[in-house]
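> Residue strings, one per chain:
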Amino acid sequence: MADEDDDIILSELDDDELVQQMQDDLYDGMKEEVEEGVNILLERGWAPYDVLTTALVGGMTVVGRDFRDGILFVPEVLLAAGAMKGGMAILKPLLAETGAPRMGKMVIGTVKGDIHDIGQNLVTMMMEGAGFEVLNIGINRSVDDYIAAIKEFDADILGMSALLTTTMPYMKVVIDQLKADGLRDDYVVLVGGAPLNEEFGRAIGADAYCRDAAVAVETAKEFMARKHNQVAG
Amino acid sequence: MDLDDTKLTHEGLKLPAPQKARVLLLACGALAHEILALIRANGWDHLSLTCLPAILHNTPEKITPAVEQAVLRHRDDFDQIFVVYADCGTGGLLQAACERLGVEMMPGPHCYAFFEGVDSFAEHGEGTAFYLTDFLVKQFDSFVWKPLGLDRYPELLPSYFRYYDRLVYLAQTDDPDLDSRARDCAARLGLEYERRLTGYGDLGSALTDHSSR
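Protein chains in written order, with the working numbering: chain A, 104 to 336; chain B, -8 to 204.
In case anyone wonders, no lab produced these hints; they're calculated from the structure.
Please read all numbers here as calculations on a predicted model, not as lab measurements.
Heads up, a few of these hints could be off.
What the hints assert, rightly or not - No farther apart than 20 Å at their CA atoms in a straight line, the calculated lysine to aspartate or glutamate pairs in the EDC-like style are these:
1) Lys134/A x Asp172/A
2) Lys137/B x Asp131/A
3) Lys215/A x Glu114/B
4) Lys11/B x Glu90/B
5) Lys137/B x Glu179/A
6) Lys53/B x Asp315/A
7) Lys330/A x Glu236/A
8) Lys215/A x Asp156/B
9) Lys134/A x Glu146/B
10) Lys188/A x Glu146/B
11) Lys215/A x Asp68/B
12) Lys53/B x Glu302/A
13) Lys53/B x Glu115/A
14) Lys53/B x Asp169/A
15) Lys53/B x Glu301/A
As the list claims (entries may be wrong) - Counterexamples of contact, computed for chain B against chain A with all Cβ distances above 10 Å:
16) Asp(-5)
17) Ile30
18) Gly34
19) Leu92
20) Ser150
21) Asp166
Cβ coordinates follow ideal geometry from the N, Cα and C atoms, glycine included.
Excised from the complex, chain A in its bound form (with noise of 0.2 Å):
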């Protein structure tokens, strides 16, 4: 995609064409040109939430949807989240200024004994893109750990990650920990992870198993929507 676009400039570019030039540079991991580009942005007066939601959560969409489709691997998620990372890192203070829209609040996790956190860490920054607040506490995480997080960051949603089949069966064991402590029903609990299946999810007693960051995000919504209409009701 990026080899013909090597010289554009970018703050020539009509709003329409830079988001579009900017959804093409996060596809290809541009990360300086993403981080140029949202600046630009933000110089022309559009709102953080905006430049977030339109360029950066965009273009990740299209990213998300070719790594389902097996367009695009793993590398080139890693750098295109790189990129996505870099304009999120300018809009992140002035989201918080600009009081963007909050969607929920989740903790997420690595499960004990499991040290991958690519998942968990795409994870957090769609969730992030798509106005939750995330705290993400990181790898090899015991029941303590999550419920502590959980407690403390007063949160919305337990999501757990594992990438081994030896690892996986810990989150029953914290969910089974939930239920003993009387909490299962205060949070929903989204589980993720290369060797996990809708099996696996139910018979642990998760609310939903997500196999990708973007259906983790519609998930989430949907939840929290359901949340919201109980509470209405």
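With the hints as your guide, set chain B onto chain A.
Chain B only, in chain A's frame:
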């Protein structure tokens, strides 16, 4: 039989025809060398081997349907089929499929575990070790380096390996050349290196068990 590791990675191993054997071993291409060595060493003429492409391991969601299809294709030609896969990242789906099809498979989470011995592997609990076998040392670039994009984007190395502390080479054969190549793989990944000579581990005993039925 001469085996081409690149073919084992991407195409698998076709069943030689015609077949007189009664038992089919349906295996991962990464295990072809070891299984054929055991068949030769023990004179197990009643066992025949076919392999699915080893690279399926990089997309574990494709393993179960591929195994299922192969079992259905071959089941009328053999008295018995033994699936020489462990769970291999299928999250229990391969085990469920094998039960449904009425065939047995290897125990344990993956081939590293049954080469080392499933019990011993579980006891070690080495979550921060990256494992290679003989086959994976030989196919390191095809299995690890290129699929992770490290040939094109070396800057991604920390994203994948920052929490690993060592590479453990589980050696099926005592081969100084493979030892040296495995050590080089560890250096490329920036990890400490450890070699354990495991031989064929639980693979040998599982095939012995099936050969005596």
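> Hint by hint, note whether the structure agrees.
Hints, one by one, checked against the model:
1. Lys134/A x Asp172/A: Violated - the C-alpha atoms of Asp172/A and Lys134/A are around 24 Å apart, more than 20 Å.
2. Lys137/B x Asp131/A: Cα-Cα ~18 Å, so holds.
3. Lys215/A x Glu114/B: Holds - the C-alpha atoms of Glu114/B and Lys215/A are around 16 Å apart, at most 20 Å.
4. Lys11/B x Glu90/B: Roughly 26 Å between the alpha carbons, so the hint for Lys11/B and Glu90/B is violated.
5. Lys137/B x Glu179/A: Roughly 12 Å between the alpha carbons, so the hint for Lys137/B and Glu179/A holds.
6. Lys53/B x Asp315/A: Judged against 20 Å, a Cα distance of about 16 Å means the pair holds.
7. Lys330/A x Glu236/A: Roughly 17 Å separates the two Cα atoms, so the pair holds.
8. Lys215/A x Asp156/B: Distance ~17 Å between Lys215/A and Asp156/B Cα, so the pair holds.
9. Lys134/A x Glu146/B: 13 Å, holds
10. Lys188/A x Glu146/B: Cα-Cα ~15 Å, so holds.
11. Lys215/A x Asp68/B: Not satisfied, since the Cα-Cα distance of roughly 45 Å exceeds 20 Å.
12. Lys53/B x Glu302/A: 17 Å, holds
13. Lys53/B x Glu115/A: With a Cα-Cα distance of about 47 Å, the restraint between Lys53/B and Glu115/A is violated, given a limit of 20 Å.
14. Lys53/B x Asp169/A: 18 Å, holds
15. Lys53/B x Glu301/A: 16 Å, holds
16. Asp(-5): 25 Å, holds
17. Ile30: Holds, because the least Cβ-Cβ distance between Ile30/B and chain A comes to about 28 Å, which exceeds 10 Å.
18. Gly34: Given that every Cβ of chain A is farther than 10 Å from that of Gly34/B, nearest at about 35 Å, it holds.
19. Leu92: 17 Å, holds
20. Ser150: 6 Å, violated
21. Asp166: 28 Å, holds
Hint violations for this structure: numbers 1, 4, 11, 13, 20, all remaining hints satisfied.
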